[in-house]
Structures are given as C-alpha cells and as structure tokens.
Amino acid sequence: MSLVETRQPGATLHPRRHLAFESRAMGSPLRLSMVLASDTPDILDTATSAWLAVRNEFEACELAMSRFVDTSEVSELNRQAGAGGSIAVSRRLRQALAISDRARRLTRGRFDPRVLRDLERLGDRGATLDVASSPGTSDHGGTPRPAGPLIELAGEGQVQLPQPVDLGGIGKGLALRWAAAELVRFGIASFLLDAGGDLVARGEPPEGGPWRVGLEDATGGSEPLAVLDARSGAVTTSSIRRRHWTVAERTVHHLIDPATGEPGGDGLLAVTVAGPDPAWSEIWSKTLFLAGGAAIAGLARARGLAAWWVTDDGTLEMTAAARLRTTWVASEAGGG
Amino acid sequence: MTEPRRPLHLAVFLGLSAGAYAVSLAGVTALQAQSEAAVLVDRVPTAQAIAEITAGHDVLEASADRAAAAYARAAGAYDTVGRTMVDVEARLSGLADVVGAIEGAARSLPSRVALPRVTRAVTAVTRPAVHATTAASGG
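Respectively, the protein sequence lines represent chains A and B. With the first sequence counted from 1, adding 43 to any position gets you my numbering. With the second sequence counted from 1, adding 58 to any position gets you my numbering.
Check each hint, because a few of them may be wrong.
To be verified - Ranges between beta-carbon positions, derived for each pair:
#1 B:ASP155 with A:GLY335: 46 to 56 Å
#2 A:SER374 with B:GLY158: 48 to 58 Å
#3 A:ARG285 with B:GLY162: 55 to 65 Å
#4 A:GLY335 with B:ASP145: 39 to 49 Å
#5 B:ILE160 with A:GLY357: 32 to 42 Å
#6 B:GLY158 with A:ARG168: 27 to 37 Å
#7 A:PRO319 with B:ARG149: 53 to 63 Å
#8 A:GLY347 with B:GLY158: 41 to 51 Å
To be verified - Some chain A residues near chain B, calculated using beta-carbon distances under 8 Å:
#9 ARG245
#10 PRO248
#11 VAL256
#12 THR289
#13 VAL290
#14 ARG293
To be verified - So the derived list for chain A, only partly shown, Cβ under 10 Å to chain B, looks like this:
#15 ARG137
#16 GLY246
#17 SER275
#18 GLY276
I should point out that these hints are in silico values taken from the structure, not numbers from a laboratory. Just so you know, even glycine gets a beta-carbon here, dropped at the ideal spot from N, CA and C.
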C-alpha cells in the first residue's frame, strides 16, 4: 500500500488523500486508487478495511467462477455438466450463470460461455476437465452447442449445466461490480479499481476532473492509442494481445465464436467498451469483438455503445458515443 | 135509409192487441238492456287488458323506433369510418412505396464511406497523464 498526498490545483486547505493498493486476483494485477475527501484519524483504517473487502470479494469470485482453480464451484459444475446431476451453487455463481444466459439471449447467441470444450481442444486448459469424454465435434471442428438455455434450475439453489462453461470475462466483470459496491458501502466516493485492464471508476481523481484511462496499443506498442475519460462507470477490453498461441502451425486465441467453435473476431485485435456496469461492458466488448471487423461498427452504433476497436492493421476506430469520452488520440495528435 | 153498423169489437180487439204488443216490447227491451249491462260488466277486465296491451305495444314501438334510429346512426358512422379506412389504406400503400424506395436507396449506399482525413484534431495535442490502462487480461 502506498499513501500519496496530493492537493487540488488552487486549493490550499484540506489536502485530499490519495491512497493506492496493489495485489493480484483472478490471474491479473488488482490495483485500487482511492481518494478520501475527509481527513479523519481513522482514514487509513477505513481505506484498509475497504481494500480488504475488495480482495475478499475477488477471492470469493475466483473460488466461485474461475475455471483455472480445480476446486472452484464452476470447475465442479463443469465436471458434472451433461451428466444430468445438479449441485448446489453459491449466490455468486448462480447470478453469473443467470446473467450469462440473459446475455446469450440478448446477443442472439454471439455471447455464449459454452465454449470451454473448444478452448480446451485448442490447448487453453484450465482445471481438470475430461475432454476425451466430451461430445463429438461438429463439421467446423467446434463442439456443438445445445439450443436450450445454458443453465437449468433444479430446485432451491441447485443448478445443472448441459455443457461446461467458461465464465472468465464475465466473472471478472461481476467481481468488479460487487467490489465497487463494497467500496461504496465503506463510504469511498472516489476510486478507480483496475483488475487486469478492466476498470470501474467513481468520483474524481485527487487533482479533480475525470479519471483518465489509456487505451492499450493492441499491436504491442508501449504507448496508449488514446486516452478516455472515465468519470463514473466501467471500461473493459477484450483483446488478443496477450492470450494467443500456436496450435498445429496456426495462431489461435481465447475469444471463441460460439457459432463456429473457433477463434473469432476476424479483422480485429481489441475492443473496448465503456458503460455503467462492468459485467455488461465485458459482455458487449466480447460480443462486439466476435462480430468481427465487418459488422462491429453497425452493431455498436445500433446499440448506442461507447466502443473503441483496433483493426488488425492497427487502426483505431470508435463510435460517436465513444468519441465524446475520448480526450486524446495518438494518431490525431501526430504521435501515433 | 139506415146507417151502416160499425164493428166496435174490432176496434176494441185492435186496441187490446196493440197494448199487449207494447207491454211485450217493453219487457223484451228491459230484458235486453239488463243483458247488455251484464255483458258490459263482464267485458271490463278484457277491455282493461286490451288497453294495457295497447300501451305496452306503444312502448315497444317507441323502443323499436329508437333502436332503428341508433342503427341508422351506427350505419352512418360505419360508412364514414369505412370511407376513412379506405383513405388510410391508400395512405399506407403510399407510405409502403416510400419505405420501399428508401430501402432500395439504403441498399444502394456503400457500407463504408471513406471520410477525408481530419487534419485538425479536437483532442489535446499532448497526451494527458493516465491513471490506468484498459488492456487485455492476463497482464
């Protein structure tokens, strides 16, 4: 934890305290910046308790929804998938499955977490999952998905899955949603919570104005492609910059198109979405990515989303709603 | 010369006969009057029933008149609506033609338009300091 004291421009009294915490959660760095307006003696206790609540929330979400943890609830549920058995799940996992199914319906199947067998087939392995006993593959090589819902309710708190799921992205979005709620519960009005590139912001930074968020250069450059304003809400990115690998002499990545069972998003390297809720921003960033370069502009504009995307030639494009939140663009400033 | 003798008994006989007839006629008339009075008394309830039926018929007839008038008004309104509907259908048909034309024009538009490069940016020239970076997961 680091304690940084800053002052607003022009202000001479009541310096605002800026505190920063850092850890790791769900396979990514977890960073929290918070601004405390009051300068009470127990300010550090409050901040530390809030940070502890955030970490506890992420740990609980990881134990519920991470496919990389062998003992997680979703790993156990995935092992039971398709066998007809139902198991009791926690509130977090139940909500994650419910929102995933709603997202699947809303996006007409473009967002569908039932791609775990395809990920494992392509070599992105998580917890133990008996792929050898999985259903046969379809013509395109992907695992055929049932037409019905991805979750079946079986009594009080009990669910069963027809097919295993990957809740990685939406799990982190929900962890951010619930952790931000914890910070608000502790009375933290201004904060920026960053979970490996997916963010939630509230209030203002210590120097005032909006929180500034850089848009990573998906082609690999170290400088951001643009800078966005994030006053209150979420910013999430679906990108293949890090999670891509080679299988049978072809490059694949982790963003699987449910329609084909193969890596999707032709023509795109990354999609960023800003919205009020991190879980839904995550859903839409992945959905827009899977729409591909040919369809992303129409879909994002039709939905009124604030979305930025990087095409495979490194060009940054954005919707009108995104333009309103953009402070700086490298290519327009002559620096890109 | 002797005067012819008048038959007085005949006159008496005629007088008596006329008297008897008059008495008989008076009796018959009295009996008829009594009978007619009784008949009239017997007919009073029937006449009252007839009067009530007549009054009910009048009420029914008035209702039928009102219903006929309402029906006539409804039929008139229906005719008016029918004429309006025809007009609306004609307008919808025209609108469908316009929509079809717009769709055709929209289909003929290119999916992407190359805009001229903006030479003067509205964003800041120097990059502002950032508090975080949104990026691919796993970093």
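Hints and how they fare:
{"no.": "1", "hint": "B:ASP155 with A:GLY335: 46 to 56 Å", "result": "35 Å, violated"}
{"no.": "2", "hint": "A:SER374 with B:GLY158: 48 to 58 Å", "result": "41 Å, violated"}
{"no.": "3", "hint": "A:ARG285 with B:GLY162: 55 to 65 Å", "result": "46 Å, violated"}
{"no.": "4", "hint": "A:GLY335 with B:ASP145: 39 to 49 Å", "result": "47 Å, holds"}
{"no.": "5", "hint": "B:ILE160 with A:GLY357: 32 to 42 Å", "result": "37 Å, holds"}
{"no.": "6", "hint": "B:GLY158 with A:ARG168: 27 to 37 Å", "result": "54 Å, violated"}
{"no.": "7", "hint": "A:PRO319 with B:ARG149: 53 to 63 Å", "result": "42 Å, violated"}
{"no.": "8", "hint": "A:GLY347 with B:GLY158: 41 to 51 Å", "result": "27 Å, violated"}
{"no.": "9", "hint": "ARG245", "result": "13 Å, violated"}
{"no.": "10", "hint": "PRO248", "result": "6 Å, holds"}
{"no.": "11", "hint": "VAL256", "result": "5 Å, holds"}
{"no.": "12", "hint": "THR289", "result": "17 Å, violated"}
{"no.": "13", "hint": "VAL290", "result": "18 Å, violated"}
{"no.": "14", "hint": "ARG293", "result": "20 Å, violated"}
{"no.": "15", "hint": "ARG137", "result": "23 Å, violated"}
{"no.": "16", "hint": "GLY246", "result": "12 Å, violated"}
{"no.": "17", "hint": "SER275", "result": "14 Å, violated"}
{"no.": "18", "hint": "GLY276", "result": "12 Å, violated"}
The structure does not agree with the numbered hints 1, 2, 3, 6, 7, 8, 9, 12, 13, 14, 15, 16, 17 and 18 stated previously, though it agrees with the rest.
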